[in-house]
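Chemist: Okay, here's what each chain looks like letter by letter:
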Amino acid sequence: MLRDHLALPGTKKGCNQGACGACTVLVDGERMLSCLALAVQFDGRSITTIEGLSRDGSLHPLQRAFIDHDGFQCGYCTPGQICSAVGMLQEIERGCPSHVTGDLSQERIALTRDELRERMSGNLCRCGAYNGIVDAITSFQEGVE
Amino acid sequence: MNPFTYVRAPNVGEALLQGARASARYLGGGTNLVDLMRETLEHPAELIDVTGLSTAITEHADGGLLIGAAARNTAVAEHRAVRTRYPMLSRAILAGASAQIRNMATVGGNLLQRTRCTYFYDHVGSRCNKRHPGQGCDAIEGFNRNHAILGASSACVATHPSDLCVALAALDARVHLSSTRGERTVEFTDLHRLPGDRPDVDTTLACGELITAVEVPALPFGRRSTYRKVRDRSSYAFALVSVAAALELEGGTVKDVRLALGGVAHKPWRAGTLEASLKGRPASEELFVAAAEEELEEAQPLRHNGFKVELAKRTLVAVLMELAGDLP
Chain C
3 MLRDHLALPG TKKGCNQGAC GACTVLVDGE RMLSCLALAV QFDGRSITTI
53 EGLSRDGSLH PLQRAFIDHD GFQCGYCTPG QICSAVGMLQ EIERGCPSHV
103 TGDLSQERIA LTRDELRERM SGNLCRCGAY NGIVDAITSF QEGVE
Chain A
2 MNPFTYVRAP NVGEALLQGA RASARYLGGG TNLVDLMRET LEHPAELIDV
52 TGLSTAITEH ADGGLLIGAA ARNTAVAEHR AVRTRYPMLS RAILAGASAQ
102 IRNMATVGGN LLQRTRCTYF YDHVGSRCNK RHPGQGCDAI EGFNRNHAIL
152 GASSACVATH PSDLCVALAA LDARVHLSST RGERTVEFTD LHRLPGDRPD
202 VDTTLACGEL ITAVEVPALP FGRRSTYRKV RDRSSYAFAL VSVAAALELE
252 GGTVKDVRLA LGGVAHKPWR AGTLEASLKG RPASEELFVA AAEEELEEAQ
302 PLRHNGFKVE LAKRTLVAVL MELAGDLP
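Those protein sequences? They're chains C and A, same order as listed.
Sequential numbering from 3 applies to the first sequence in the numbering used here.
Sequential numbering from 2 applies to the second sequence in the numbering used here.
No lab work stands behind these hints: they were computed from the structure.
Take every hint as true, because none was put in to throw you off.
Label-pair ranges, simulated between beta-carbon atoms:
{"#": "1", "chain 1": "A", "residue 1": "Thr181", "chain 2": "C", "residue 2": "Asp116", "range": "46 to 52 Å"}
{"#": "2", "chain 1": "A", "residue 1": "Arg199", "chain 2": "C", "residue 2": "Gln92", "range": "43 to 49 Å"}
{"#": "3", "chain 1": "A", "residue 1": "His124", "chain 2": "C", "residue 2": "Thr114", "range": "38 to 44 Å"}
Note that the structure is predicted; figures quoted are calculated from it, not measured.
Each residue gets a CB set at the ideal place from its N, CA and C atoms; glycine is no exception.
Using the sequences plus the hints, can you model the full thing?
Modeler: Written out as structure tokens, the structure is:
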């Protein structure tokens with residue numbers, strides 16, 4: 003649907019079974035896997051793909067950070083990584099805990115390296131650019147703050 | 002994929018009317034059902050989208066919770082009352098799948114997800130009694146490292162994949178069901194079945210019956226609870242063994258305890274033997290070890306999963322020690 007009918011090829015089909023995260027898009031700002039989503043279920047919802055993150059031909063600052071920090075090699079997982087990171091940062095913003103959060107009662111959760119890695123674990127990178135990905139997201143987040 | 006129709010149910014009554022056909026399936030977040038359809042393991046003629054039904058998480062005056070079946074996993078895990086009163090429930094959800102999947106998956110769908118046994122999925126090359134009753138099971142003599150050690154049968158050794166369900170089994174949850182014949186409530190531990198000679202039947206739900214809510218009763222000592230999951234990688238993997246536990250101590254004695262195991266059986270395994278042998282006894286590592294041994298006595302490991310027996314015991318003891326804090 004996204005790639006062939008709407009001509010938005012940024013979103014990638016990876017595993018096609020919900021295991022790799024390459025197809026991650028934002029649904030009303032929340033990250034989801036488009037490969038497990040029937041389009042009809044999302045009638046009336048706002049879907050943001052990687053194409054929707056750049057503005058007037060200039061890259062989203064997180065896209066720029068991925069370039070600056072070597073956050074990819076082949077680039078196939080990158081649109082999913084970036085959409086996922088945008089959703090993830092909103093989850094952090096509203097205090098959503100993760101598997102590695104020590105104290106579940108705390109309202110503000112700091113995005114430590116462990117928190118970031120756990121929260122991004124649904125996005126695989128077969129090139130192994132993980133360190134660059136973590137650096138890119140960290141530097142973007144520090145810039146926002 | 003086979004052709005199918007889709008309808009979005011505006012209310013429970015409409016969902017039940019549409020869902021009464023044997024060829025219909027209720028659709029939640031789709032994180033398991035859509036995959037099963039793509040793999041041709043499920044081929045519903047009608048999909049009834051029930052994500053428009055109740056997503057409410059209601060706090061009862063006595064401290065219990067009622068969770069609408071359409072509530073997303075993330076919404077439950079991050080809910081303030083769940084995080085503070087039932088940390089095991091938050092932790093179990095957060096230990097499962099990925100954030101993207103938790104954002105999509107509903108509570109009702111989580112309960113009804115199917116096993117990830119690779120022989121069940123391999124419809125081209127493997128025999129499976131869950132897929133085709135009477136066909137045989139290639140997992141029993143196959144690579145069965147991930148399979149069941151408790152409650153399995155000669156027909157099926159699959160495990161239940163959910164983390165959330167392990168916590169709900171420990172918490173004495175109840176499942177609210179609706180059908181065209183009326184409403185009923187079942188104990189969570191009676192929702193899923195052991196395989197016996199009908200491994201194709203995962204639950205005790207009747208045809209067309211719909212999960213509308215999950216009720217978690219008040220458990221004051223639920224604040225001292227946790228969920229620990231042991232898996233092959235530290236994130237985004239199914240459990241080899243997991244433990245949901247809540248412990249109440251009074252003067253060093255076990256006043257009350259709730260324990261359930263995941264990754265070891267066809268259903269979330271409520272560790273009743275263990276609970277009984279802990280209650281009223283002075284808490285100590287020796288007691289925990291002895292009780293865990295007792296719970297796992299009936300374990301029947303397969304060729305490749307013998308390690309799970311020891312792993313289950315050690316995880317039980319480690320979690321109990323963590324919850325007990327500093328023991329004398």
